[in-house]
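Given the coordinates of chain A, work out where chain B should sit on it, guided by the hints.
Each chain, written out:
2 protein chains.
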Amino acid sequence: MAVYTEVNDDDLSAFIAGYGVGELLSYKGIAEGVENTNYMVHTTQGTFILTLYEKRVAREDLPYFLGLMEHLVSKGIPCPLPVKAADGRMLGELAGRAAALITFLEGFWTRRPRAEHCAQVGAALAQLHLAGSDYQRTRANALGPQGWRPLFDRFSARGDEIAPGLAALIDRELECLTADWPTGLPSGVIHADLFPDNVFFVGETLSGLIDFYFACNDLLAYDLAICLNAWCFEQDHQFNVTKSRALIKAYESVRPLNGDERAAMPMLARGAAMRFLLTRSYDWLNTPAGAIVKPHDPIAYLRRVRFHQGVGSIKTYCGEID
Amino acid sequence: MAVYTEVNDDDLSAFIAGYGVGELLSYKGIAEGVENTNYMVHTTQGTFILTLYEKRVAREDLPYFLGLMEHLVSKGIPCPLPVKAADGRMLGELAGRAAALITFLEGFWTRRPRAEHCAQVGAALAQLHLAGSDYQRTRANALGPQGWRPLFDRFSARGDEIAPGLAALIDRELECLTADWPTGLPSGVIHADLFPDNVFFVGETLSGLIDFYFACNDLLAYDLAICLNAWCFEQDHQFNVTKSRALIKAYESVRPLNGDERAAMPMLARGAAMRFLLTRSYDWLNTPAGAIVKPHDPIAYLRRVRFHQGVGSIKTYCGEID
Numbered sequence: 000m001a002v003y004t005e006v007n008d009d010d011l012s013a014f015i016a017g018y019g020v021g022e023l024l025s026y027k028g029i030a031e032g033v034e035n036t037n038y039m040v041h042t043t044q045g046t047f048i049l050t051l052y053e054k055r056v057a058r059e060d061l062p063y064f065l066g067l068m069e070h071l072v073s074k075g076i077p078c079p080l081p082v083k084a085a086d087g088r089m090l091g092e093l094a095g096r097a098a099a100l101i102t103f104l105e106g107f108w109t110r111r112p113r114a115e116h117c118a119q120v121g122a123a124l125a126q127l128h129l130a131g132s133d134y135q136r137t138r139a140n141a142l143g144p145q146g147w148r149p150l151f152d153r154f155s156a157r158g159d160e161i162a163p164g165l166a167a168l169i170d171r172e173l174e175c176l177t178a179d180w181p182t183g184l185p186s187g188v189i190h191a192d193l194f195p196d197n198v199f200f201v202g203e204t205l206s207g208l209i210d211f212y213f214a215c216n217d218l219l220a221y222d223l224a225i226c227l228n229a230w231c232f233e234q235d236h237q238f239n240v241t242k243s244r245a246l247i248k249a250y251e252s253v254r255p256l257n258g259d260e261r262a263a264m265p266m267l268a269r270g271a272a273m274r275f276l277l278t279r280s281y282d283w284l285n286t287p288a289g290a291i292v293k294p295h296d297p298i299a300y301l302r303r304v305r306f307h308q309g310v311g312s313i314k315t316y317c318g319e320i321d
Numbered sequence: 000m001a002v003y004t005e006v007n008d009d010d011l012s013a014f015i016a017g018y019g020v021g022e023l024l025s026y027k028g029i030a031e032g033v034e035n036t037n038y039m040v041h042t043t044q045g046t047f048i049l050t051l052y053e054k055r056v057a058r059e060d061l062p063y064f065l066g067l068m069e070h071l072v073s074k075g076i077p078c079p080l081p082v083k084a085a086d087g088r089m090l091g092e093l094a095g096r097a098a099a100l101i102t103f104l105e106g107f108w109t110r111r112p113r114a115e116h117c118a119q120v121g122a123a124l125a126q127l128h129l130a131g132s133d134y135q136r137t138r139a140n141a142l143g144p145q146g147w148r149p150l151f152d153r154f155s156a157r158g159d160e161i162a163p164g165l166a167a168l169i170d171r172e173l174e175c176l177t178a179d180w181p182t183g184l185p186s187g188v189i190h191a192d193l194f195p196d197n198v199f200f201v202g203e204t205l206s207g208l209i210d211f212y213f214a215c216n217d218l219l220a221y222d223l224a225i226c227l228n229a230w231c232f233e234q235d236h237q238f239n240v241t242k243s244r245a246l247i248k249a250y251e252s253v254r255p256l257n258g259d260e261r262a263a264m265p266m267l268a269r270g271a272a273m274r275f276l277l278t279r280s281y282d283w284l285n286t287p288a289g290a291i292v293k294p295h296d297p298i299a300y301l302r303r304v305r306f307h308q309g310v311g312s313i314k315t316y317c318g319e320i321d
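Residue numbers (numbering that gives the first Met the number 0), protein chains in the order written: chain A, 0 to 321; chain B, 0 to 321.
So here's chain A without its partners, still in its complex pose (with noise of 0.2 Å):
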């Protein structure tokens, strides 16, 4: 949530002029995006987001992520799309960084999500994961089951710090994921961080997907099983099972899955829960004090793993009788 790098007037001219979007009118830096710098751009043929790509978003991937929302929208996913310039290329330089010019959506993201964005959110990732059935790159879940060991190695050591016995929790939980993860389970496209904050309504409708900087191939309902963890828990870790039966009933209205994919929800939404308690206990220790972007609290996602472990079957998350 902040601008990493400045932009002046004179380069950015320069850079628009190679779009065929008119003239530049206005640029204002906003305050969105953890990776990235972004800008909101006004220029005499519409409105545009601009991306400077900072460090932590790998060069060699961004092919991957710009070409999937191009594909995304010519299947008719409400996602930005980048802007081509007359060379046709997608990703240009600007201010020392691999930039890109995006197409803006309107729709601001929802802070009190009910069983009715549930319920958008879980058919639109199925139309997504459909809409990604023949896009032709691929790339690895770098934070995927292989990833969530190494990650944890690199603080293993401080885990406790964030809550006494997490690290012992951690080390138990990789065992029986690595053990009892899924294999044979359709895969393909995933979003992979398909939280509120990347899910835009106009008033009560979903009006866009944003962020796909995680997009990779991974298992499609251990995407669903993502969202689970991300939109059906309150403030207080309770689960909601009205807001998680919204959500998978609306996905298998579109993409019904299949006896495995069932079988399995109860895994996935460990790991699912496992990747973001890693990933946000790494930035915890990581995170000097006093930096521009909070790090998010890791005890939520304990919390869920914990609540995960419990559960027996899909049923529980649909709320029905087991």
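Hints were generated in silico from the structure; no laboratory data involved. The reader is advised that the hints may include incorrect statements.
Stretch by stretch, here's where chain A covers chain B in the computed footprint (C-beta under 8 Å, at least three residues) [to be verified]:
# : stretch
1 : 4-10
2 : 20-29
3 : 107-120
C-beta atoms are modelled at their ideal positions from N, C-alpha and C, and glycine is treated no differently.
Frame of chain A, contents of chain B only:
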């Protein structure tokens, strides 16, 4: 340059509903303004800036600032217009802060001003002075000559941490300024902070004046002296007479200076440089390491004070033979 206060979507939607500007479409926190939190807001009827006034702006001054913008717009000055709520008020309350919704001005500030920019600023400043002449409210200049010594007293013991001898230099200079500060010059509404980042251009044409939160009643020629400091020195602190001549000539093409104002210009310029040397020195010494907003370097204004001390007449600023 920060978003100090987060606004949630439900609260903002309710706030916007009071203004008759249509439905909320999107809002983004923008990295603009040092004192306050600003959001760029799109509604079905247009683009607006939402300002949340943080503690450094005195609430009792807000009617002066907002009323002034409204007055200036009515006189044709290109500045933001506070939108009136259905009940006629310009000032509301949101997220525990005083808040105003103002019209959005296209344009961007020029990082590398040239003489043509300075000329437009000079003319716009004079137009602002004329337009303000019948504004009814008044506000004393808290950062005028009477405020300088008390501000210096707050950091004088640490002044030499910035530069050896700085405290003694300021002390002597304040003596001079107090003894020789002009009286009887034309006074009225001044902007008091018309730096390059508060003047918007579209292409080469001035499109807006913003940030009236230092505006007050004081000597009109002092406002020109502030611009002379803000616009007519290079990055290496060298005075640029081409820019200065352009600024003053354009100002005088709209509002000619009288003989007393011309005679006082070197002293006014010294005072203007001192005012920013003082506030920047104070901020430099009192901004915590790692703060979101980085303080400006005071040394640039120490250099300006010294330059103006050697100026005998306005002819130096106008590039005329003395």
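| Annotated coverage of the stretch 20-29 of chain B by chain A, confirmed only when three residues or more have a Cβ within 8 Å | The restraint on the stretch 20-29 of chain B holds, since 8 of its residues have a Cβ under 8 Å from chain A and three suffice.
| message | Using a Cβ cutoff of 8 Å, are there at least 3 residues of the stretch 4-10 of chain B near chain A, or does the coverage claim fail? | response | Coverage by chain A holds here, the residue count being 3 at a Cβ distance below 8 Å.
| request: Report holds or violated for chain A covering the stretch 107-120 of chain B, Cβ cut-off 8 Å, minimum 3 residues. | output: Answer holds; 5 residues pass the 8 Å Cβ test.
When held up to the earlier numbered hints, the structure conflicts with none and fits them all.
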